[in-house]
Every structure is written in C-alpha cells, then in structure tokens.
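Number of protein chains: 2
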Amino acid sequence: MQITRAAEYGVLGMMRLARLRDGATAMIDEISRTEKIPKSFLGKIFQELGRAGLVRSIRGARGGFALARDASAITVLEVIEAIEGKIVFQRCRLDKPDCEHVGGCALCGLFERAQDGVKDALTGTTLRDLIRQQDRVDALPRAH
Amino acid sequence: MQITRAAEYGVLGMMRLARLRDGATAMIDEISRTEKIPKSFLGKIFQELGRAGLVRSIRGARGGFALARDASAITVLEVIEAIEGKIVFQRCRLDKPDCEHVGGCALCGLFERAQDGVKDALTGTTLRDLIRQQDRVDALPRAH
DNA sequence: ATTCAAGAGACTCTTTTTGTCCGATTTAAA
DNA sequence: TTTAAATCGGACAAAAAGAGTCTCTTGAAT
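Those protein sequence lines, which keep their order, are chains C and L.
Residues 271 to 414, numbered by the working numbering, are exactly what the first sequence covers, in order.
Residues 271 to 414, numbered by the working numbering, are exactly what the second sequence covers, in order.
Heads up, a few of these hints could be off.
Note that identical chains are pooled: a pair holds if it fits in a single copy or bridges any two copies.
As the list claims (entries may be wrong) - Capping the alpha-carbon separation at 30 Å, the derived lysine-lysine pairs in DSS-like fashion look like this: (1) Lys-356 / Lys-389; (2) Lys-309 / Lys-389; (3) Lys-306 / Lys-356.
Source of the hints: derived by calculation from the structure; they are not laboratory data.
Given only the sequences and the hints, what does the whole structure look like? Please build it.
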C-alpha cells in the first residue's frame, strides 16, 4: 500500500516542466540533476508519460520534454496512473466477473470507497496547484 | 497500490468470527474451507491478528479463534494495518526527518491527504457493518 | 498417552520494483 | 555531411515484496 518511486519521480519531474516558461523544454539530464532522480530511470518514466500523452518530447540535439497541456489541466492522478496503471483496490469485480467472496461482497464495496478516497485527493490537485503550494512553503521565513 | 491478499484474507476471516454466537470459536481449518483461503497462509495471518490483540486464540484440541472485542468495535483499518503494517503514502517525513524533495514538499502533503482518504473509508467501517451489508445483499432476490 | 490445534520460523517460488546498459533513431549545429 | 546531443526501445539484473508451504514445537482436552 504505497505509491511507487517511479510515480513519485514522475510527478516531481512534471512539476519541473510546469515551472518552465511557456513553450520551453527541459532535458532528462537537467531534471534528474535538480530533482536528484537516477537519470536512466527518469528517462524510462518520461517515455511512459509521453506514451500517455502527458508530455511532448523533442528528439535530437537541443531536445527535451515539455508538458503536453497546461499545468492546470493535468491532475496528479493522471500522472500516477500513466506510470503505475489504474488504481484499483477491489479485485474481485475486475479479476473475475463473479465475485469469489462467500456470501456476497461487502468487502469489494468498501475497497471501492477506499480507492475513491485516494482518487478524489489525487484528481483534486493539478500540477499547478502543487507548484503553487510549494512556492507558498518556500516563501515562509523558516527552513523546512 | 493494492491491498494485499493477506489483508483481504484477514478481513474475510475476521468476518467469519464475527458471525459466531458470543463466546464461540472457529478453527483455522473451518474458516479456510468456508472462505476458500489456503490454510497455512491463513494460520500465519491469524497469528499476526493475535499478536495485534484483535483475536483470542485457544490452543490445543477443541481450540480455535474468537474476536477479542465486539465486532462493532473492530474497524477494517485495524485489521489491515495489523497485517500490512501502517498505511503510509508519503515517505519523506518518515524515511528521513528532512524532506529530500527540492523546494519544499507539496507532494508529501498531497500524499498525506490521499492516505487519509483511504483511512477514513477503512476506519468508518467495522466488522459488524460489513456483515450487515453482506446480509442485505444476500437477502436480495437476484443472484450476485 | 494420544490427538488435535495453534505458534514459530525457515524456506520457496513468483511478481514487482528499481534501476542499468546499449544500440538505434532523430535532429541541430559545426 | 559529419558529428554530437538527445530521446526511444528493449534487454537485462538485483533487490524487495507478495503469496504461500513445511516442519517442528507447544499447549490443552480426551
């Protein structure tokens, strides 16, 4: 019951892109250095984000990545699901059409509600929200 | 991002106990048969539930398990955390006292909210709630 | 005594996670 | 037009987690 490093790195990397001025790009190498994420791992992650249509990639010299949409139009859930696959807690309805749990499936319903709890939090926050919150924290006088 | 089989089995097993008349016990062997859970795996799980103080065990012949408290006083979160360990999405505050995320930690805050979303759902439901819901489903005329 | 059950721990097998490495491809610039 | 810089793709690998199994020990009832 955790969010993977890969997904965390993905969000962090996208936040970097969200900070660029419009149309600008950043390279994996830059992002991996500023965010302290293993470079080749981050490369892999951004490939998936590209396939999911969340980032645009420019290949070749002077290449890099940019957000495919505005930061205010990309939710954290989208980023995470692009990397981890869909978030699904309850398995019985998906694994098999007919639930295996003896005597009906109250448990599936509960798991579904728990899952919705996560999703609500993650769809309710966009990349723009995140960097805005981050800037607010940085503006405080005391260190973190 | 899943609930483990072990935790699922744990809740299912506890629900069985919750259905017993007061003071009665059930054996691992019975529960594993009625719920179709591998016996030795379930044994292991119930050991942990015992250590967590959620079930009482009676050893020896005519032994078995019973809930340590009333079913209405045991939340699903307690059962799951007894088996999986505490549910913690955000890692930076726990792993290391000083957050590694560059420029403050908006992400940790978000992950914490997501985590609370799960926990709210799971603390809001007790074993008694589950079996009541289950009975309601079973009472319906059509098959599941 | 014997038998029935839980307790404890070592062990195994598989899948997922967290990466690394390398060659291919694309593009800008010298 | 070569060369250097960057992504793309896939294979590979080590470590951790997940899902069980097996065996021996301990405790209680008959």
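Where does the structure disagree with the numbered hints, that is, which hint numbers, in rising order? none
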